[in-house]
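Enquirer: Sequence:
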Amino acid sequence: MDRLNDVAAGIHIVRVYMDSGVGGIPTVQLWVAAVPRDQAEEAVQKAIPAGWRAELTRDTLTKETVARMNILAGEVRQLAT
Numbered sequence: 001m002d003r004l005n006d007v008a009a010g011i012h013i014v015r016v017y018m019d020s021g022v023g024g025i026p027t028v029q030l031w032v033a034a035v036p037r038d039q040a041e042e043a044v045q046k047a048i049p050a051g052w053r054a055e056l057t058r059d060t061l062t063k064e065t066v067a068r069m070n071i072l073a074g075e076v077r078q079l080a081t
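In this text, residue positions in the sequence shown follow the numbering used here: the first is 1, and each later residue adds one.
Rather than coming from a laboratory, the hints here were simulated on the basis of the structure. Virtual Cβ for every residue (Gly too), placed ideally from N, Cα, C. Don't take every hint at face value.
Said to hold, decoys possible - For each label pair, taking beta carbons as the anchor points, the in silico distance ranges come out as: (1) Met18 with Lys63: 26 to 34 Å; (2) Pro36 with Thr65: 16 to 24 Å; (3) Gly10 with Glu55: 13 to 21 Å; (4) Val28 with Thr65: 18 to 26 Å; (5) Asp19 with Ala67: 17 to 25 Å; (6) Asp19 with Ala47: 16 to 24 Å; (7) Ala9 with Gly51: 30 to 38 Å; (8) Gln78 with Gly10: 17 to 25 Å; (9) Glu42 with Leu79: 12 to 20 Å; (10) Asp19 with Leu72: 15 to 23 Å; (11) Thr62 with Arg15: 12 to 20 Å.
Make the full structure from the sequences, and use the hints.
Expert: Shown next, in the form of C-alpha cells:
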C-alpha cells in the first residue's frame, strides 16, 4: 500500500504539555483536531486546562485509524493513553 495515499487529511495531531507534572516530570498528552491545520493548535488550546500548552505536530494518522475514531468535523479530543 502506498503510505502517502493512506494518510488521513484534515485530522491533525497536537501535543499537549503541562510543565509542572508529577514529580517534576512534564505531563504530555496527544490530542487530535478535525479542523483546518492552521486552527488545530488554537482549537486544542481552548479545550485543555489553563496552564497547559498545545503544540501542533507533523505526525499523521492513517485513514483506517481515523475511521475507527469516528471523529466529526470540528471535533477536538484527547487520544487514549
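Enquirer: Compare the structure with each hint and give your call.
Expert: Going down the list of hints, with the structure as the test:
Separated by about 31 Å at the C-beta atoms, Met18 and Lys63 satisfy the suggested range of 26 to 34 Å. Between Pro36 and Thr65 the CB atoms are about 20 Å apart, so this pair conforms to the stated range of 16 to 24 Å. Between Gly10 and Glu55, the C-beta spacing of about 19 Å keeps the proposed range 13 to 21 Å intact. The hinted window of 18 to 26 Å between Val28 and Thr65 holds, with their beta carbons roughly 19 Å apart.
Here the CB-CB span from Asp19 to Ala67 is close to 35 Å, at odds with the stated 17 to 25 Å. Distance hint check: the CB atoms of Asp19 and Ala47 are about 18 Å apart, consistent with the given range 16 to 24 Å. In this structure, Ala9 and Gly51 meet the distance hint of 30 to 38 Å, their C-beta atoms being roughly 32 Å apart. Separated by about 18 Å at the C-beta atoms, Gln78 and Gly10 satisfy the suggested range of 17 to 25 Å.
Taken as a hint, the range 12 to 20 Å holds for the pair Glu42 and Leu79, whose Cβ atoms sit roughly 18 Å apart. Judged by the Cβ atoms, the range 15 to 23 Å given for Asp19 and Leu72 is violated: they are separated by roughly 31 Å. Separated by about 19 Å at the C-beta atoms, Thr62 and Arg15 satisfy the suggested range of 12 to 20 Å.
Hints 5, 10, counting from the list given before, are not met by this structure.
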